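The lines below spell out each chain.
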Amino acid sequence: MEPGKEKGTATPREQNQSPRPNLKPVTMNKNLRKKKKKDLEELKKEVDMDDHKLTLDELSAKYSVDLTRGHSLKDAQEILFINGPNSLTPPPSIPNWVKFCKQMFGGFSLLLWTGAFLCFLAYSINLRYNEKADKDNLYLGIVLSAVVLITGCFSYYQESKSSKIMESFKNMVPQQALVIRDGERMQINVKDVVLGDLVEVKGGDQVPADIRVISAQGCKVDNSSLTGESEPQSRCPDCTHENPLETRNIIFFSTNCVEGTARGIVISTGDNTVMGRIASLTSGLTMGQTPIAVEIEHFIHLITAVAVFLGVTFFFLSLILGYGWLDAVIFLIGIIVANVPEGLLATVTVCLTLTAKRMARKNCLVKNLEAVETLGSTSTICSDKTGTLTQNRMTVAHLWFDKTVYEADTSEEQTTGKTFPKSSDTWFYLARIAGLCNRADFKPHQESVPVAKRATTGDASESALLKFIEQSYNSVNEMREKNPKVAEIPFNSTNKYQMSIHLLEDNPQAHMLMMKGAPEKILDFCTSFMLNGQEFPMDEEMKVDFQNAYLELGGMGERVLGFCYLNLPSNFSKGFQFNTDELNFPMESLCFVGLISMIDPPRTAVPDAVGKCRNAGIKVIMVTGDHPITAKAIAKSVGIISEANETAEEMAARLNIPVSQLNTKSIKAIVVHGSELKDMDSNQLDHILKTYKEIVFARTSPQQKLIIVEGCQRLGAIVAVTGDGVNDSPALKKADIGIAMGITGSDVSKQAADMILLDDNFASIVTGVEEGRLIFDNLKKSIAYTLTSNIPEITPFLMFIILSIPLPLGTITILCIDLGTDMVPAISLAYESPESDIMKRLPRNPKTDNLVNHRLIGMAYGQIGMIQALAGFFTYFVILAENGFKPLDLLGIRLYWDDARLNDLEDSYGQQWTYEQRKVMEFTCQTSFFISIVIVQWADLIICKTRRNSLFKQGMKNKVLLFGIFEETMLAAILSYTPGMDVALRMYPLKINWWFCAIPYSALIFIYDEGRKLIIRRRPGGWLEKETYY
Amino acid sequence: MWAMLQTLNDEVPKYRDQIPSPGLMVFPKPLTALEYTYSMSKPPTYEKFTEDLKRFLEPYSVEEQKNLTNCPDGTPFKQSGPVYQACQFPVSLLQNCSGVNDTDFGYSKGQPCILVKMNRIIELMPDGSPQIICDAKDADIANILTYPDHGLIDLKYFPYYGKKRHVGYRQPLVAVQVIFESSATKKEVTVECKIGGSSNLKNEDDRDKFLGRVVFKVTVST
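From first to last, the protein sequence lines are chains A and B. With the first letter of the first sequence counted as 1, position 671 gets the number 671 in full-length UniProt numbering; the numbers rise by one all the way through. With the first letter of the second sequence counted as 1, position 62 gets the number 62 in full-length UniProt numbering; the numbers rise by one all the way through.
Each hint can be trusted.
DSS-like cross-link-like pairs, simulated, lysine-lysine; straight-line CA separation at most 25 Å:
no., chain 1, residue 1, chain 2, residue 2
1, A, K919, B, K163
2, A, K959, A, K357
3, B, K29, A, K919
4, A, K53, A, K678
5, A, K485, A, K574
6, B, K109, B, K137
7, A, K453, A, K362
8, A, K919, B, K202
9, A, K991, B, K202
10, B, K14, A, K886
11, B, K209, A, K919
12, A, K496, A, K485
13, A, K919, B, K14
14, A, K693, A, K678
15, B, K164, A, K886
16, A, K135, B, K209
17, B, K78, B, K164
18, B, K14, A, K991
19, A, K678, A, K690
20, A, K886, B, K163
No wet-lab data here; the hints were simulated from the structure. Keep in mind the model is a prediction, meaning the values are calculated, not measured.
Required output: the full structure, derived from the provided sequences and hints.
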């Protein structure tokens, strides 16, 4: 806004020295790859061009083109050959197989692959040194690989499904353009438009390139996809602003011409256009890891550390115990592999998918599975204004007549019931002027559509008035029929008013002149004013009142229109030929009726949603291309700037002191103008982001949006960005989670985003945050549940090594738990309802509040897992003892037990067992160990439902979880009792009473953990909470 | 755990259904697999076997069994305690393999004796008259003699009442002597022994190669 601002340093793209500097971009593109990094920095800078400041002659010289005849065909060909087609280079699309491999070898999968590799290694070592190698390791390796493959395919399938939805959005570049070459108008393909081409654009067209306007007739363009400004802007050949984005004589590639026509010279094409720069900036940005990926990596580190520690410890222990090197190495590998939670990858994937589906039902389409959780971790939301916070529809907000400001109902569904004295005669006049002196009209066949949602022809303000009158007064069409228009002067930017003359229904011979326009302009026409239906001569008091009302409405960021009328004298009665060019009628001494102000009002649900975000500790920053006053007004009405807070300027105005004298510490809100932001360095920006709680950035350029996002990220925030325009896409891409608008959003923004709001409603984001937080909590629970059974799975092997007892739990049974019985219950925890209002706590700190921390591992491994292991061993020893092998006699028995040639091993009672009989016994014990784990996992599942609350408070409402318990039990029973399982999986039927051995331990787990949670609740912040609350 | 141990019966394990039928096992136990390979002319190659046999049969000597009961033949020796008596198993029943006349158990003559015994299972009561039937895989190479005759196991040794109650119990034995045919060029034979004569003792199980049967190989060189 400030003219004479210093321009950025010259960039290679600057194009004012040589006559055809723009012919270079082809070579530039090659360089682009080499110094991508540097170029990216450059792309972040503001658009820098001066074509808008050139005179037409200079322009003609610069592009060596005739401003009336255009290029010659030959020149155009040549330039096209040198510069290449006028199209955006599509972002390098990742081939499907690379995406697939990413699924296969990312994070968690890598851990499982390592496990599988170790298994194969152990098997081959075994094979090499023992003739009769145990095949368990081989099977385990195969199963591990299969798990990764299946889960990989599953997530690949899920993601490709989302991207298919994406593809349906595709259509962006305009197809045809009207150019003038050799003096002839011709339709050509947009991609053949070249630099310097003389182009004509008319209403309804998409602009084919960046164009400097040389002549225009009532041309209005919709720049919203570029700047976010919702109102169409008029275009004329004059340079009106230093900033190329704000000046009126440039129209931009891929924006829309709404009405009128314009003719101009192409000043840049393809990737060099403003839009193209944004697109390349977007595709050049690299995305960081998602928070959940970081968490999973952290988790893998922890698990690996535990696994390696255990493995190495027992490696040395077994050496000390006198095992051979080879055995020790096999043990080492075995222990490490046993620590790998085979089922967790699948569990996490399924949990995320379930949430993604749930979110899709609530209008949040998630493109990238991992992004599901990101929203939950979000601590800052940078929201666009237009369309996200607002309805993207001009609506009448206030009226001023009879010296009073009345509020109109701006809600989407007309539900607030706000009203005003419709009985006043002034309102009758006002409504008549607004309805009649109005060129907007409803498009046909919309009778069933609510008025507010009907499509209209004409400009936004007029449509707003039209709808408003239709809603609160009467049918406008009827009114127009009864009061036919006989003459009119349409609105234009020089006279700033619109006038029309109508025959009156109540006096069919008389004409009434009606006028609306810029309030100050209207006031100048008036010599009287209307109060309660009576005309009074204009006085100073009225003028002051008018000024105050105008300021008040304008200060709310609303567009204000004034209305007045004149009953034409009888000599201008019916039949008079009005000539609007010569003005053969009086157009002075009008009677002022009132003001109507309009705004693009906030969506109804937004203030509530912003409030929820606030409660949830999420900072909502508005970043918009719109004007500061409008931005601030919307920010205030939706609560981004809360009622209690005021900006420095407001406070200064209230206290009547200069801004510089204010105590800035007490100020929490600020509106930052894009031009101020332009001059800031990153420290200053950080300072603003840190100091102010409530921030609105207005008049920002796409590059600045990116800078703001980077600033927030620099401060450690996890940033969500919402946006719909192409201008938002760099920020969307850079954000931890970019949220694009499904209805109004441009394709580029949808491509760049991670999530798409199908209903464009900010309130849906809050649902997303809630779901994201819930899934984070529930994933914790799932992981705690799954990890716990790792201990009863590893300890048998450890005891096998140390105590030389028959192996209490084999590989197959471990897999049955991890990939069988544990799966459904673990997934069912994803359906768990939140323990407390998750929208009332602060967003998690990504540095300290991890998905899996040592406390979770400590609880799962150290405490619950240990009890579970005890339960398993108890059952194991009970069964062996009941069959003749007392626990003490088992110690050290391993070598004899596993000796296939020893077929008369004596038990504690003197009975003798063949090898096979012993093995059947052993596998029966393993089955019972397995069943015991299932039984203690019941309790584990129930305690994992809550992290702090008692189960009695949480209840057992999760039906999926109940099903999970039932399912795992049935599965265990099937595995144990199905005939043939002895051959297939070496699982044997158990006696019924062996099922009950673990039940006391189940109860113990439940009581133990309820006790722990009770103490945590009683002593918040106490030692137990610090050590065990995960 | 301790409480669980208290509930256990010291005399009889709670369940015996994991071992419904006994396995067969041979003695002495060769170091590798069940292959008896030795050379007649080199005593050290078979001394280990004979020593083991001697030691194994020590408890079966008359002297050692003098406190045991001389039970009536042919009927199960059922007892109800509290004191359980063990039946004598006179080593002489093993005839040539008793080690009384031939301290080498036939090894030096190339006619080695191998003991076959049935695994002890508490309170197991075989039906009919159980016997151990041994056959050479190739009858042209060797004859198999069993002692007692027909490999019969007398029912008086059943039932077994467990280590704690049945002190001094002598496990009934059957000796197998491999007599190679003089015509046989290669003195190598595989012998299979099975429990027969009793319907409740299994001798064929796909998976358990030792349930009611045992296979071993004897290779004698000069």
